[in-house]
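2 protein chains.
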Amino acid sequence: MARVFIAGGGVIGLSIAWRAAQRGFEVTVADPAPGSGSSHAAAGMLTPVSEAAYTEKELFALGAASLQRYPDFAAELTAVTGLPTGFGVTGTLQVGYDRDDLAVIDELRVLQDSLGVPGQRLTGRECRRLEPMLDPSVCGGLLAAADGSIDPRRLVRALLAAAETAGVRVIRQPVTRIEGRTARLGDGTVAEADWVVLAAGWNTVHIEGLPPSAVPPVRPVKGQIVRLRAPAGFLSRSVRGVVRGSAVYLVPRPDGELVVGATQEELGVDTRVTAGGLWELLRDARTLVPGITELEFTEAVARLRPGTPDNGPVLGPCAADGLVLATGHFRNGVLLTPITADVIVDYLQTGRWPEVAAHFTVGRFGTEGVTSGGTT
Amino acid sequence: MARVFIAGGGVIGLSIAWRAAQRGFEVTVADPAPGSGSSHAAAGMLTPVSEAAYTEKELFALGAASLQRYPDFAAELTAVTGLPTGFGVTGTLQVGYDRDDLAVIDELRVLQDSLGVPGQRLTGRECRRLEPMLDPSVCGGLLAAADGSIDPRRLVRALLAAAETAGVRVIRQPVTRIEGRTARLGDGTVAEADWVVLAAGWNTVHIEGLPPSAVPPVRPVKGQIVRLRAPAGFLSRSVRGVVRGSAVYLVPRPDGELVVGATQEELGVDTRVTAGGLWELLRDARTLVPGITELEFTEAVARLRPGTPDNGPVLGPCAADGLVLATGHFRNGVLLTPITADVIVDYLQTGRWPEVAAHFTVGRFGTEGVTSGGTT
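In order, the protein sequences belong to chains A and B. With this note's numbering applied, the first sequence covers 1 to 376. With this note's numbering applied, the second sequence covers 1 to 376.
Don't read these hints as lab results, they were simulated from the structure. Hints may be right or wrong, so weigh each one.
[As the list claims (entries may be wrong)] Covered stretches of chain B (in silico footprint by chain A; criterion: 3 or more residues with CB under 8 angstroms from a CB of chain A, positions within the stretch not fixed):
1) 264–275
2) 286–297
[As the list claims (entries may be wrong)] Some chain A residues flagged as far from chain B (calculated, every beta-carbon gap over 12 angstroms):
3) Thr-81
4) Pro-84
5) Leu-111
6) Ala-275
7) Ala-285
8) Arg-364
Ideal placement from N, C-alpha and C gives every residue a C-beta, glycine not left out.
This is chain A alone, in the form it adopts within the complex (with noise of 0.2 angstroms):
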């Protein structure tokens, strides 16, 4: 039985946890608080045709083929924990305040048709329709009718308890040195693998003895979030606005949360929530709906998210004999979820790594240049 070591206790590091131990790994995850990161923050959009970018294909295309697989993940979870994870597909409506933010729409779909996602346009009046919260001068939208979205927090419980059931040891302690198949913890205990896998996030910076070669090239990307309660049907669906040039989304869950977000800030280390930020994304969620103004504000958090040069997650084998990478992954941690775990136990139980993730390996940033600790 083959000893697989995951540095990193988020969706992602869970997730290839759980699939490895079904398929027979003996495997530890090390964490000092699993689900505590980036996967604490996430709104839970699982929405790869509305985050597509020109320049960004093949990761339009792994996140659609991540999407496919959900309906199937989020079900064997539910049914291996009884645990929900508040997943369902609900569609996406993607709005223009004015006629400027509607250009920029215009142009979302005409890069979807090119993907052979053709999205649906409506007018400002139909999108009101749908979401009669929606301002009135809301001018026109897209709606994406196969996204779907997901609670991260309650998919960090059920993965957590599914991993646990299906044997996986985790231990509440960082990883602070991997060097071939070894991995030292923050307590100074040592665990040996015979696959370590490269989890932690934009934390992975923080990890010593890494061959430079093999390090992925993430940055630390501050995102915050707001949550607040709704009533029942105050949205149906998640809605993410261009206003005035600033993006902004709010995402209802089936609890009456509605969480809002999200900034990108390029801070460094900085996981504090201001009063900008809040003020930002509280300006823009109000423009968009104004009856979010009688809502309950009941928190507002910052993490990190693990940034990469062209926005794409970095998996797979590296140059280090073992080492075994699944990090990077930016705004679509959640999203890349269930084909990440897939590709990555693939490739532990194969030794071949899969046609679906091919562009994703650190081979594409070359090599020069990466050190630990550092930026591309």
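Given chain A, work out where chain B should sit, using these hints.
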């Protein structure tokens, strides 16, 4: 040794308790969570002059008299407990954002002159010389150099310690009923006393058994307030502003806390922090002091002030024998703490109601139509 029972352990109830115990009364205070009501939200500005209004000259005089007592009051509290209160005489700068806002400030100046406390009129440039973080648009202001401020949460801790040291018994139970000189607590126990002091803020209306003619006309007025964390010297004094007709204040504390307040909402019993309340406070504070954008957000809280028909407190004896009122302090509870304690305890000791507070007995409202649980 006469027994005094005090319903309510906010800054008012606790200061009366402390002062009464010092003068030899046997004192009991009942409150389910002392200091967790409006005292917990209060910003702690001590500014009778900035709060003055044309119809409230008596209230201004009472506030000014209370402010005069504050230095000794705070010094004594710290001397007997060793606890800081954050008290300081740092002044208040009132500013107008645009010309219309400045017109409001200028009206206030005329009023202040008529009250015999001429404020110092400053140009926009002079305002920014005092507070360099002010927005360049701020076009003028008024300096009240003698104003002070205090940290209400530290004040509560010091008052609790001082009261308990002086022999006050604090029972962590709500008062559900007052009848004659007897109070019933949430756990069903009954306390008898020679004097019952009603210092329960707006919770007064939840206490049964009071004769209608003795019930002060208080109503809950919701206030939301935000706490940020600022570097040393960010602001040097309390700043109050009128921003496009909307009032906001920023109160800096020695420990780096910056309090931004406050909404004033007539919504009945509602202590939800709302997206709209938060947004408005941050919008106005940010307009006045753009640099708050970068400050850490640490807390948002909402509490209910005990409002009265004329915004003044309801103090002293009433139609019910042995019942003494000390409630309805609305926006001025912290400012009026020293004088309220003094006049109530003077009355308990002498049976004479002090001239300085003569205006503030419940009789000024008449008694018709005032019912328990209701408004006037």
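Which numbered hints are broken by the structure, listed smallest first?
6 and 7
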